[in-house]
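Undergrad: Sequence:
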Amino acid sequence: MTMARRTFFRAAALGGAGTLVSSRHAAAEWTPAEKANVQVVNDFCAAWATSDVGKITSYMSEDVLFRNGATPTPMKGRQASFDRITGVFAQYPKIVFEVVETFAKGPIVMNERNDWLDQPGAPRRLIRVVGVFMVRDGKIAEWTDYGLR
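Quick note, the sequence shown lines up with residues 1 to 149 if you use my numbering.
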């Protein structure tokens, strides 16, 4: 019996998807340190909804490097980050980081997010983001956001 080309490709795609799903579930569990690092990043992301810049930056180390994208020069230090974030809240008084998925390996935590920015008199703005964080001693030591298109 011959198999129709469409049936063959459909079966192959479903089999491949099954392999991807099963391999993902077979991934190693996070270590206690990785779980702690993820918690720091998740708490940091949740703090944005409070609009409290002091609380947000409290999750950062004193010498944090913050990059908004791959090319800009990083902001260095908690105070520079505080000033930058304060400026963002001046334009967008309400910001919510919606974490979609999180990955962790050692001190590196990456998340896919929907960042929702509200500005008076304007439609709510959505920015899809991948955030890459380096956590050291329970604080975010490096943070880089990459916008998705």
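Source of the hints: derived by calculation from the structure; they are not laboratory data. Computed from a predicted model, the values in this text were never measured in an experiment. Ideal Cβ positions, reconstructed from N, Cα and C, are used throughout, including at glycine. One thing to keep in mind: the hints can contain errors.
Pair by pair, the computed Cβ-Cβ distance ranges are [claimed, not checked]:
hint : residue 1 : residue 2 : range
1    : Glu-101   : Gly-69    : 18 to 26 Å
2    : Leu-148   : Ala-49    : 18 to 26 Å
3    : Leu-148   : Gln-119   : 17 to 25 Å
4    : Thr-31    : Ala-90    : 16 to 24 Å
5    : Gln-79    : Ala-28    : 36 to 44 Å
The list that follows gives simulated cross-link-like pairs (lysine-lysine, BS3-like), each with its CA atoms no further than 25 Å apart [said to hold, decoys possible]:
hint : residue 1 : residue 2
6    : Lys-55    : Lys-139
7    : Lys-35    : Lys-105
8    : Lys-139   : Lys-105
9    : Lys-55    : Lys-35
10   : Lys-139   : Lys-76
11   : Lys-35    : Lys-139
12   : Lys-76    : Lys-55
13   : Lys-139   : Lys-94
14   : Lys-94    : Lys-35
Undergrad: Need the list of violated hint numbers for this structure, in ascending order.
TA: 4 and 14
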